[in-house]
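Protein chains: 4
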Amino acid sequence: MIFSSDNWAGAHPRIMEGLARHAGGFSPAYGNSDLDKAVEAKFSDVFERDVAVFFVATGTAANSLAMASLAKPGGVVFAHREAHMIEDESGAPEYLTGGARVKPVDGPLGRIDPALLDAAIPGPLTRVPHGGQPVAVSITQSTESGTIYSLDEIAAIGAIAKKHGLPLHMDGARFANALVALDTTPAEMTWKRGVDVLSFGGTKNGCWCAEAVVFMDPSAAEQFPYLRMRAGQLFSKSRFVAAQFEAYLADGHWLTTARHANAMAARLADVLQNSNRMRLGWQPQANEVFAIMPVALMEELTRKGVRFYGWTTPDVLKSEVAPDETLCRFVTSFATTEGDIENLAKNLR
Amino acid sequence: MIFSSDNWAGAHPRIMEGLARHAGGFSPAYGNSDLDKAVEAKFSDVFERDVAVFFVATGTAANSLAMASLAKPGGVVFAHREAHMIEDESGAPEYLTGGARVKPVDGPLGRIDPALLDAAIPGPLTRVPHGGQPVAVSITQSTESGTIYSLDEIAAIGAIAKKHGLPLHMDGARFANALVALDTTPAEMTWKRGVDVLSFGGTKNGCWCAEAVVFMDPSAAEQFPYLRMRAGQLFSKSRFVAAQFEAYLADGHWLTTARHANAMAARLADVLQNSNRMRLGWQPQANEVFAIMPVALMEELTRKGVRFYGWTTPDVLKSEVAPDETLCRFVTSFATTEGDIENLAKNLR
Amino acid sequence: MIFSSDNWAGAHPRIMEGLARHAGGFSPAYGNSDLDKAVEAKFSDVFERDVAVFFVATGTAANSLAMASLAKPGGVVFAHREAHMIEDESGAPEYLTGGARVKPVDGPLGRIDPALLDAAIPGPLTRVPHGGQPVAVSITQSTESGTIYSLDEIAAIGAIAKKHGLPLHMDGARFANALVALDTTPAEMTWKRGVDVLSFGGTKNGCWCAEAVVFMDPSAAEQFPYLRMRAGQLFSKSRFVAAQFEAYLADGHWLTTARHANAMAARLADVLQNSNRMRLGWQPQANEVFAIMPVALMEELTRKGVRFYGWTTPDVLKSEVAPDETLCRFVTSFATTEGDIENLAKNLR
Amino acid sequence: MIFSSDNWAGAHPRIMEGLARHAGGFSPAYGNSDLDKAVEAKFSDVFERDVAVFFVATGTAANSLAMASLAKPGGVVFAHREAHMIEDESGAPEYLTGGARVKPVDGPLGRIDPALLDAAIPGPLTRVPHGGQPVAVSITQSTESGTIYSLDEIAAIGAIAKKHGLPLHMDGARFANALVALDTTPAEMTWKRGVDVLSFGGTKNGCWCAEAVVFMDPSAAEQFPYLRMRAGQLFSKSRFVAAQFEAYLADGHWLTTARHANAMAARLADVLQNSNRMRLGWQPQANEVFAIMPVALMEELTRKGVRFYGWTTPDVLKSEVAPDETLCRFVTSFATTEGDIENLAKNLR
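First to last, the protein sequences are chains A, B, C and D. For the first sequence, position 316 (counting from the first letter as 1) is numbered 316 according to the numbering used here, and the numbering increases by one without interruption. For the second sequence, position 180 (counting from the first letter as 1) is numbered 180 according to the numbering used here, and the numbering increases by one without interruption. For the third sequence, position 194 (counting from the first letter as 1) is numbered 194 according to the numbering used here, and the numbering increases by one without interruption. For the fourth sequence, position 343 (counting from the first letter as 1) is numbered 343 according to the numbering used here, and the numbering increases by one without interruption.
Mixed in with the good hints, there may be bad ones.
Identical chains blur together in the list; that is why a pair holds if it fits in one copy or across any two.
Restricting the straight-line Cα-Cα distance to at most 27 Å, the calculated cross-link-like pairs of lysine-lysine (DSSO-like) are [as the list claims (entries may be wrong)]: (1) Lys318 / Lys103; (2) Lys304 / Lys37; (3) Lys72 / Lys304; (4) Lys37 / Lys72; (5) Lys162 / Lys72; (6) Lys72 / Lys103; (7) Lys192 / Lys103; (8) Lys346 / Lys304; (9) Lys72 / Lys192; (10) Lys346 / Lys37; (11) Lys37 / Lys103; (12) Lys37 / Lys192; (13) Lys318 / Lys346; (14) Lys192 / Lys162; (15) Lys192 / Lys163; (16) Lys192 / Lys42.
In case anyone wonders, no lab produced these hints; they're calculated from the structure. Bear in mind the structure is a predicted one, so any value in this text is a computation, not a measurement.
Using the sequences plus the hints, can you model the full thing?
Next comes the structure, spelled out in structure tokens:
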């Protein structure tokens with residue numbers, strides 16, 4: 001009954017088979033193998049255009065190096081207040097960009113409010129060196145709150161970014177979960193709605209270590225080979241990341257696992273709500289479920305071996321959480337089984 | 001007949017078995033799993049003292065973050081002119097330390113000359129802010145030239161570092177190859193000779209991605225969890241690195257593969273020399289063989305499918321290489337077979 | 001009728017005399033002159049303890065290098081939302097610290113609310129590398145809103161910083177204005193209330209370029225000579241900064257000019273308010289006056305040659321400013337005359 | 001008898017008059033005053049083309065921020081082994097560029113050997129991310145050895161830089177001394193010979209603090225306002241630097257003082273050589289004289305109050321300096337008088 005995070009799961013058997021398939025033999029290092037190149041080409045298929053793809057070690061590296069590729073002196077990135085880049089990366093974006101700032105923008109349940117974003121970006125007339133200069137907008141899909149931007153919402157953010165002359169980055173650590181939730185295509189969810197650079201995550205959806213930075217316009221990636229190498233993020237045996245992505249993308253495997261995780265989250269939400277011992281914080285849209293429960297219940301479940309995290313209550317919800325209650329997060333993944341949820345249900349009875 | 005580099009080899013079957021063994025099930029992320037902790041403890045066994053161990057994604061990251069943990073403003077690191085940190089890391093040490101410099105020191109065949117090192121480090125009386133401040137000495141074992149510091153030589157460098165109040169770092173991307181060549185123990189080759197921080201590499205010796213920074217004194221590592229996280233180098237599914245190291249260190253597997261690689265290098269050296277079509281640049285001591293051959297022969301071998309790299313001729317050898325000759329590097333690994341070498345021998349006949 | 005900023009004023013005649021007095025002759029460069037040393041000693045007199053003093057070129061450099069001396073990997077500095085470090089330094093703190101973040105804390109009129117500060121600093125139990133680590137608290141005295149922390153308020157902030165094990169920095173770009181407003185001593189307003197590091201500004205109070213970082217505990221400044229040199233902030237002819245500070249501190253000159261500026265601000269506030277054409281945003285406490293006026297009046301005054309800036313309305317005041325009104329800032333300095341204010345009064349009639 | 005450095009001199013009376021002339025009154029801060037703009041325009045006159053000019057606090061800042069404006073990830077700058085950027089800036093170029101490296105190139109007496117430079121810059125075919133990427137060439141005029149590149153030599157370096165697609169920077173901390181020695185114009189010594197960016201120094205030639213970065217092509221300076229602000233290098237009362245440069249450039253004052261300093265150096269060289277107690281290391285070309293003398297004589301002169309520095313012997317001269325001898329540097333400036341030199345001559349008799 002592990003709902004702590006999707007990164008507590010291991011690797012999917014198909015990913016392990018992919019690794020095993022390519023483990024032997026010699027091949028050029030540092031991304032120059034045939035497999036690396038084939039998988040890069042596969043990304044262009046997936047996105048329905050020529051993209052530039054760079055494997056890196058972690059999602060934090062993907063986000064931070066994406067920002068580094070967009071940074072300018074005194075640069076300011078606009079992201080949601082609860083974004084991973086702000087809350088969970090120990091200042092990696094600031095460090096790896098050489099000092100850019102990530103400015104929080106508000107909005108309900110992990111999604112930037114377009115009007116607030118528009119107001120937050122200074123216009124050219126009010127820009128003096130003292131205030132720095134806007135360099136990028138970043139959104140997370142699905143968000144840290146397990147919610148999803150609709151295609152129209154992405155387009156709205158994209159339009160604001162473009163209006164201000166800024167590139168739009170998407171943190172897609174849970175890209176697949178959002179994609180299947182919207183039942184759309186990678187192209188529709190990214191460059192067709194204004195996304196320029198994407199952190200494409202495979203780790204949370206069944207790989208052990210497969211993260212990539214995807215540039216929708218390869219000409220914007222000219223400096224990235226140096227950025228990645230200089231950050232110690234170029235694997236020598238890069239083929240092992242390629243092998244994971246090959247298996248990940250083959251036969252829609254990544255969509256299958258994401259659909260499973262989302263379905264488990266929906267079922268989990270039902271179980272939690274129907275237990276009558278807690279209520280949902282909000283309706284889940286991907287693979288994360290947030291529930292408000294008595295602190296005593298959280299302790300009880302923990303004692304019974306259910307693993308999940310207490311979570312910081314967003315401002316909009318603060319009035320709804322009683323002093324003896326707490327917000328909690330449950331995450332599902334490819335590895336979550338119906339049995340896990342049934343077990344949890346039993347423990348709630 | 002691939003002798004390009006030990007990182008062109010894949011992963012050893014035992015490493016793949018280790019990965020497979022731990023692929024399933026849930027376990028805490030970010031290095032908090034039982035397996036992570038068990039493997040960290042194993043490192044303390046291996047080094048015969050309590051050490052602090054941090055897994056990172058690449059050897060470049062290990063070196064650069066080790067330097068970052070030692071850096072001070074205006075910091076100067078002393079390393080061999082041909083060190084990986086100087087020649088092959090795209091400025092990662094400078095970048096990830098926030099501006100430290102790596103100052104080249106000379107010495108024959110990849111090994112720092114102790115007298116030159118001593119002369120290169122400014123004494124306290126001549127230190128003014130303009131010149132920066134010495135912060136570390138770094139040696140590579142085995143070196144970029146496939147040579148090895150003897151234990152006495154390490155101790156001599158260690159003594160000079162200590163005399164100047166500087167910590168000693170060892171780049172051990174090929175640690176195992178040196179260890180078995182000297183037929184000694186990790187403790188003897190490191191802290192007993194003055195090494196304070198070690199980049200411990202498993203990738204070139206049969207892992208797919210297993211690198212670690214090892215602090216001989218754990219109290220010196222207090223800031224490292226933040227340094228690593230901030231650099232995007234903390235794997236969420238860290239257990240997969242632990243799994244590789246578990247298999248790597250079990251039953252002396254790492255020593256077996258290193259011995260094999262070194263033995264293959266020795267045999268290869270014989271074959272190259274006995275071919276009477278080239279001569280060795282110098283005697284190999286680990287798993288790299290350097291040979292001087294006619295450019296025409298290099299082209300002939302390449303046509304025949306033998307893979308290896310031309311190499312920059314060190315100054316000491318320049319007078320010995322004729323204009324129509326070139327220095328070349330051959331690297332062996334766990335995956336090099338006697339058949340590979342026999343094939344090469346045939347091609348040389 | 002220039003009220004744009006105190007840095008629009010030139011240099012006070014006594015400062016110019018000081019510069020002229022020391023302009024000739026030879027003396028050691030880089031802060032090693034007798035004059036440099038005498039002025040450093042004078043700072044220890046002023047602060048009633050041995051302090052370490054470092055001249056730098058600008059207030060931004062003073063703040064940023066003070067932060068750099070306190071930074072750790074993933075470091076988070078807590079400062080008021082409207083602090084100069086956040087709003088007006090183009091990311092210099094992030095850049096010169098190598099990636100620290102400055103986290104905004106709220107509080108009325110430029111002053112950090114102690115309870116919000118206490119809540120914002122994570123306790124040791126909730127610190128994981130993901131969130132970074134707190135490294136410092138910074139307050140501004142007098143604040144960007146022209147208000148002043150009382151001695152008790154400084155002590156309260158200092159106590160919270162100490163409780164969390166954090167050093168307290170004071171941005172004293174307008175230190176003298178606050179000092180005379182409180183009618184206290186430098187010691188009372190700093191280390192006796194918990195301040196560890198001070199950006200001590202002379203420029204806004206009549207120098208042309210005299211800024212210093214003052215460490216109350218000199219042992220905390222060991223690395224600062226390197227930090228300053230490495231940032232290109234060590235003047236070769238440092239004696240010219242020393243000369244300014246000598247004149248600044250002699251005979252209480254700095255207090256005289258600060259008292260004058262504050263008195264002019266008080267008079268200006270009266271004039272603005274009594275004009276019945278605008279109202280004060282809040283009561284001025286140092287040398288800055290904020291007034292809410294019709295946009296039309298702002299334009300009228302600008303046409304008449306009165307210089308001042310429109311200002312961002314703080315949240316607490318937003319409901320009090322009508323759509324056709326705007327908040328404006330007027331700053332006085334040593335160079336503001338009664339005539340300037342009388343002229344403004346005439347223009348308001 | 002002070003020959004320690006030209007930055008031991010104070011400020012020339014004409015510079016002080018310039019400061020005094022503009023000390024009073026109000027004017028816009030941060031480089032927006034009429035005086036700032038007039039002086040910027042004057043630079044365009046001096047260089048016979050529209051240039052972009054940015055005042056900064058120190059020569060180290062000028063060099064490092066010039067490099068920052070040219071840097072790319074993994075960037076490598078090529079400079080002479082004895083360049084100020086390498087020997088005397090405490091890693092400021094590495095720090096302020098976010099990790100660029102400055103690679104030493106050899107050449108006689110402070111001047112880069114064009115053939116060695118050409119060989120040091122990797123061609124496009126050999127560039128892989130591991131080695132970083134060349135980003136700039138930097139020369140110093142006059143050099144750290146008091147020698148001068150002829151116009152043809154500058155053109156030769158410029159041609160090599162252009163061949164490799166690299167911008168050429170000139171460290172002109174002693175620009176005026178070189179200019180009058182060559183009896184040429186600023187345009188001829190810079191952009192007409194391939195110089196793209198110049199660190200233009202006034203401090204060593206009689207200002208107290210007047211350094212500037214000059215971009216021959218203003219379009220290359222788009223990001224510089226942010227780079228400068230972010231580095232804490234934008235003076236609020238910038239007019240005081242402008243005032244120094246106004247006086248410096250007026251009526252050829254800067255050339256007069258530089259001619260004086262050079263003439264004093266020539267006379268000093270004669271005195272030293274004719275004393276028959278030492279010999280010149282090489283013929284001075286600007287305002288620095290290097291002499292080889294017995295250590296005992298250095299001590300004797302020091303006792304007698306003559307101030308100058310012992311200097312590191314360049315490799316080319318090592319065989320010419322006996323064990324009981326030492327190389328010493330004497331620097332002259334606007335403030336050096338014939339009497340100073342006559343006094344030294346007496347002390348040598």
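Going through the hints against the structure:
{"no.": "1", "hint": "Lys318 / Lys103", "in the structure": "both (23 Å within a copy, 22 Å between copies)"}
{"no.": "2", "hint": "Lys304 / Lys37", "in the structure": "between (48 Å within a copy, 24 Å between copies)"}
{"no.": "3", "hint": "Lys72 / Lys304", "in the structure": "neither (51 Å within a copy, 39 Å between copies)"}
{"no.": "4", "hint": "Lys37 / Lys72", "in the structure": "between (31 Å within a copy, 26 Å between copies)"}
{"no.": "5", "hint": "Lys162 / Lys72", "in the structure": "both (17 Å within a copy, 25 Å between copies)"}
{"no.": "6", "hint": "Lys72 / Lys103", "in the structure": "both (15 Å within a copy, 21 Å between copies)"}
{"no.": "7", "hint": "Lys192 / Lys103", "in the structure": "within (26 Å within a copy, 35 Å between copies)"}
{"no.": "8", "hint": "Lys346 / Lys304", "in the structure": "within (11 Å within a copy, 67 Å between copies)"}
{"no.": "9", "hint": "Lys72 / Lys192", "in the structure": "within (26 Å within a copy, 30 Å between copies)"}
{"no.": "10", "hint": "Lys346 / Lys37", "in the structure": "neither (49 Å within a copy, 32 Å between copies)"}
{"no.": "11", "hint": "Lys37 / Lys103", "in the structure": "neither (36 Å within a copy, 34 Å between copies)"}
{"no.": "12", "hint": "Lys37 / Lys192", "in the structure": "within (25 Å within a copy, 45 Å between copies)"}
{"no.": "13", "hint": "Lys318 / Lys346", "in the structure": "neither (30 Å within a copy, 52 Å between copies)"}
{"no.": "14", "hint": "Lys192 / Lys162", "in the structure": "within (13 Å within a copy, 40 Å between copies)"}
{"no.": "15", "hint": "Lys192 / Lys163", "in the structure": "within (16 Å within a copy, 41 Å between copies)"}
{"no.": "16", "hint": "Lys192 / Lys42", "in the structure": "within (19 Å within a copy, 50 Å between copies)"}
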